[in-house]
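A.B. asks: Spelled out, the chains give:
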Amino acid sequence: MRQKKLVYYGKKCLIFLISVFILSVAVFYVARLAPGDPLISYYGDRTEKMSPEEREWAMEKLGLNEPISVQYVKWVKNAFHGEFGISFKYKQNVLEVIGGRIGNTLVLGGIGFIIMFAGALLLGILCAWYENRLADRILCKLGTISSCIPEFWMALVLILIFSVNLKILPSSGAYSTGNAGNFGDRVLHLIMPLTIIVMEHLWYYAYMIRNKILEEVRADYVLLAKAKGLNKKKLMFRHCVRNVMPAYLSIMAIAVPHILGGTYVVESVFSYPGIGALSYESARYHDYNLLMLLCMISGILVIFCNIVSQTINEQIDPRMKDEVITEKSEVVEG
Amino acid sequence: MTNHLFELAGNRKTETVIPKSKKKWYQGKPVVSAAILILIVLGCLCAELIMTKDPAYMDLLNYNKAPDREFLFGTDTMGRDIFSMIWYGGRISILIGGLATVISTFIAVVVGAFSGVAPAWLDELIMRFTEIFLSIPTLLLIILLQAIMGEANILSLSFVIGVTSWTSIAKVVRTEVRQIRNSEYIIAARCMGAGFFRILWKHLVPNFFSSIMFMVVMNVRTAMISEATLSFMGIGLPIEVITWGSMLSLSDKALMTGSWWIILIPGLFLIATVLCLTNIGNACREQTNRKESNF
Amino acid sequence: MSKEILLDVRHLTQQFHLTKKIKVKAVDDVSFQIHKGEIFGLVGESGSGKSTVARCLMNIYQPAQGEIWYKDVNICDKKEFKKHKKMLQTCRQMIFQDSASSLNQKMKVSDIITEPMRIQHITPPRGSFVKEAAFQMEYVGLENSFLDRYPSELSGGQRQRVAIARSLCMEPEFLVADEPIASLDVSIQAQIVNLFRYLQEEHGFTFLFIAHDLAMVEYLCDRVGVMYHGKLVELAPSEELYSNPVHPYTKTLLSAIPVPDPIRERKRVLQYYDGEGMENSVWTEVSPGHFAMLPAEGKGCSIS
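Protein chains in written order, with this note's numbering: chain A, 1064 to 1397; chain C, 14 to 308; chain X, 2 to 305.
Hints listed in this document are in silico derivations from the structure and should not be mistaken for laboratory results. Among the clues, some could well be false.
[Stated by the list, open to error] In silico SDA-like pairs for lysine to any residue, Cα to Cα no more than 25 angstroms straight-line:
#1 X:K83 <-> C:W214
#2 A:K1230 <-> C:L268
#3 A:K1075 <-> C:F142
#4 X:K107 <-> C:Q192
#5 X:K109 <-> X:S47
#6 C:K215 <-> C:V230
#7 A:K1297 <-> A:V1319
In this text, all values refer to a predicted model and were calculated from it rather than measured experimentally.
Isolated chain A, as found in the complex (with noise of 0.2 angstroms):
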């Protein structure tokens, strides 16, 4: 058994590793085959200007001479001892570039993620408690219009009305300029993207819960616990909730990637400086470095939870390895 076990995550590392190559093959490639000249990034307005000989000079330099293989054999060498090679836009290590930004980042999906974790419980549970009354009605709708707002669409009316109106909050940034250090300033900038990034993805998610919820409230073994005398409270909770928990993780580490890609957009209207407005950036002027390392990251982070939540499903039901999680396709996911 124990055995069995081993070779079952064994097998899905296995996947994982393969699944993380590909995807590094495959972003390297189509990076670097995709039109644009990446000496732009690196040399600005000098760039047009340069003779053939100092465009050869300039390529060399970079490592951009080579066959793309070549190229990628080297990418790898170097990242398995931890360099990334140097961004060409910002002339630094990668590493230090991304690990400037990488904590507000983190800050704002984490913060956003642990209010969804808790809140979309709560509002599942609620949801289903009060099925088809009121409360529930007025949730279900509310999740099916913030479904339908674009979440740039909310940013800006945000901003219109809390900045430009009421003048109450900052529109921009992650700090005002000085008050880097200042702890009450950073949250006041954080509370419209957080807002934004819970806003959108709350309501979907507490209606998924609902639904695994009152599934579970019609199965047979309700009605027996019922007919037993288990009161209400107890049987929504000792067992529906309980019973609905691998399926509610599973949900959650779904989630993660849709919240990165919410980031991203939110990063951009706000321009807070995180990672998501610097793959942006990366990707537009070809700063191959830099993107390759973003790319690897919410990849890895990607292709992680998919596996964990097949995983979580595969244990709850052997049957369901054919399993569809349906997924909220979003515009800009990870």
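Following the hints, position chains C and X against chain A.
C.D. replies: Leaving out everything else, chains C and X in the frame of chain A:
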């Protein structure tokens, strides 16, 4: 001997009772949503009749004007009449939504059905690839695809959105096909000598269509939101091509001057359309929780 | 009845893989012949491999070993099958056990009945597809009003008639019915069996009838084969088999038929058979046309 024996098996007239439906036809159907949607779509199709101004004309004297008698919804920062732009641009927004959905549904049905009937190892391989495909950040994929396709236009943008949004439908199609493919009517059709595409079209598609219907409608919604987001971020259609998304890309300037109409009006139209689509999609989905609650 | 052989099954063996290592022999070295124009019955308990034989005959499964000759075509050979594909697909038709799942729920009855013609691109002999469907429906005893209905709106017996009509519209020479009456209730079973009899006399097709209801088989079939655990244990004309069973498993099966007479029913002794002596049995001809798998003591004349 056969004749009287066969009588046992003969035709018997059966009474057909058509139950009178208690419900009115509109009950349980999203009539309001459908009406609003039809109204918006009609308005966009007949944009030329409704428009009061040329949507592309930049009236430099009247830029950034609040809504008034002349400019019903005001003008944007470039002096264009928003009322005319809404109807004119909605056309392209809806077109992109539809086109992207057609593309993604087509890819999804073909890949999903193929994966569903393929042997286990090939199926596993295809599913792994879709997962890896999913894990490439969509934003990046879109930017790179755009770079390959060159200058963004309606077709290329629909293509890009379609290509990046087929995976969830494909997964559902695959699961459905795997369930259906061993049914006896498929075996029967194969015995009769039907080919793959006939079985796909005549037997598989009608049977899984209802379960992807909801997702297809939702895909229109997602595609429209995608278009708006991309145009807003400056990687979609250029500002000269009027869509609800590209109208919103002026909102940076609008924020500074506090011109709420530039932000609110196109957004509200977008949300109204999308919300109606969602309601219709929800109605398409069969009610799963018909069973009475045990509570 | 002519003695011309339509179908010749030789040493048919089919295996299924449960996992990579464990195999199940669903059909094990089965040989029999079906003459032209007869109704051949195949009986046995569930899981004895009857359906697998039928599916091998229809090329749904590719047998692991053995040959199946239809007229003079070896249908197990992929090349020969491809060469005669059209002929085979029109001449052989199959009726499935569960009419609910063998008819596509999303197709109208008229489309279901004419589907084989559409697939084979045959112009309907009675003008249009709808007329053809109506004719076939009339033929199997269904009203024309069913034409535009969906299978879910019909009863089990009516659906099975639709399935029969579908197989008949190609005017087949050889019809395989895989437990066509098992999912029906008793009165409908009688109707369908009578219908088969009537149709067979009208059309004169050759008919392989698979069932586990021995009484029905006795009533309908000319010759009967008994299968047990993937092996054919006895093969005889039906009167012969029912009056003079040789193999212990056949005896067991026959002893299990309930008798509609309380006095005799009470005296009925159930026999049991646990497959003893199956390993070293030989296919023996007991009397002309009556074969059985018997322990190898006498000189068995093995047929191939």
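A.B. asks: Among all the numbered hints in the text so far, which are the ones the structure does not match?
C.D. replies: 5 and 7
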